[in-house]
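Colleague: Let chain A serve as the given structure and place chain Z on it in line with the hints.
So the sequence lines, in the order shown, correspond to chains A and Z.
Note that the working numbering gives residue 93 to position 93 of the first sequence, counting from 1, and the numbers run on in steps of one.
Note that the working numbering gives residue 1079 to position 79 of the second sequence, counting from 1, and the numbers run on in steps of one.
Read the hints as simulated data drawn from the structure, not as lab findings.
Keep in mind that a hint or two might mislead.
[Stated by the list, open to error] Cross-link-like lysine-lysine pairs, in silico, DSBU-like; alpha carbons within 35 angstroms at most: (1) Lys36(A) to Lys99(A); (2) Lys56(A) to Lys36(A); (3) Lys1079(Z) to Lys99(A); (4) Lys68(A) to Lys1080(Z); (5) Lys99(A) to Lys1080(Z); (6) Lys36(A) to Lys67(A); (7) Lys70(A) to Lys36(A); (8) Lys67(A) to Lys56(A); (9) Lys1080(Z) to Lys56(A).
[Said to hold, decoys possible] Pair by pair, the computed Cβ-Cβ distance ranges are: (10) Val1015(Z) to Asp16(A): 32 to 40 angstroms; (11) Gln80(A) to Ser1067(Z): 38 to 46 angstroms; (12) Asn66(A) to Asp1071(Z): 23 to 31 angstroms; (13) Asp16(A) to Pro1018(Z): 46 to 54 angstroms.
Even glycine gets a Cβ: it sits at the ideal position worked out from N, Cα and C.
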Amino acid sequence: GEDVEQSLFLSVREGDSSVINCTYTDSSSTYLYWYKQEPGAGLQLLTYIFSNMDMKQDQRLTVLLNKKDKHLSLRIADTQTGDSAIYFCAVPMNTGFQKLVFGTGTRLLVSP
Amino acid sequence: SQTIHQWPATLVQPVGSPLSLECTVEGTSNPNLYWYRQAAGRGLQLLFYSVGIGQISSEVPQNLSASRPQDRQFILSSKKLLLSDSGFYLCAWSVQGFNIRIEQYFGPGTRLTVT
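Chain A extracted, bound-state conformation (with noise of 0.2 angstroms):
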């Protein structure tokens, strides 16, 4: 089945830029998503891009896709402190119904 793989930890100071990885190994995906996971709270979809664009950018987000290496990262310009959080990266599942996979989860911690 999809394997969905992040790092577990991030630590940034504000006002830097955040960086959060993923990998998959199904390349038949054709939406890929980030979703956001505030503390004590369930899971908000965040942004997402389709599988023939390289690079989506929606204000301070930047998604990069890059297909051959089956990699996706999620880019934050100007990390704030509300911007702490856990970030899933999620890929459709292969079954033909409307399943996605989800990473581990990166715990981003900015610090002022």
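Modeller: Same frame as chain A, but now just chain Z:
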């Protein structure tokens, strides 16, 4: 607008006791519904999904079960809890049908501690 509710928010139960977690969705009809578990330091594990009333598919073998008695109600149950059932349980919904873009919307979650 659509909203998704889960209750209770937190729950502490002894080993061997029963469990019932409830999830309801408002503002949409015939959604796909999902139950996930998030264990400490691990990602999200899909437990069950449902495409309609009474239609439940299980992703992993376990002592949990799910039911969908109404279109927008999804219930997670257990007859006898195990210590390993502790975790953060998340309900989610998505628009029914085959959509190329799968947007899942999550509830606030239930923190379950089995003692």
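Colleague: Each hint: holds or not?
Modeller: Against the structure, the hints come out as follows:
| no. | hint | verdict |
| --- | --- | --- |
| 1 | Lys36(A) to Lys99(A) | 18 angstroms, holds |
| 2 | Lys56(A) to Lys36(A) | 17 angstroms, holds |
| 3 | Lys1079(Z) to Lys99(A) | 27 angstroms, holds |
| 4 | Lys68(A) to Lys1080(Z) | 47 angstroms, violated |
| 5 | Lys99(A) to Lys1080(Z) | 28 angstroms, holds |
| 6 | Lys36(A) to Lys67(A) | 23 angstroms, holds |
| 7 | Lys70(A) to Lys36(A) | 21 angstroms, holds |
| 8 | Lys67(A) to Lys56(A) | 14 angstroms, holds |
| 9 | Lys1080(Z) to Lys56(A) | 47 angstroms, violated |
| 10 | Val1015(Z) to Asp16(A): 32 to 40 angstroms | 45 angstroms, violated |
| 11 | Gln80(A) to Ser1067(Z): 38 to 46 angstroms | 42 angstroms, holds |
| 12 | Asn66(A) to Asp1071(Z): 23 to 31 angstroms | 41 angstroms, violated |
| 13 | Asp16(A) to Pro1018(Z): 46 to 54 angstroms | 49 angstroms, holds |
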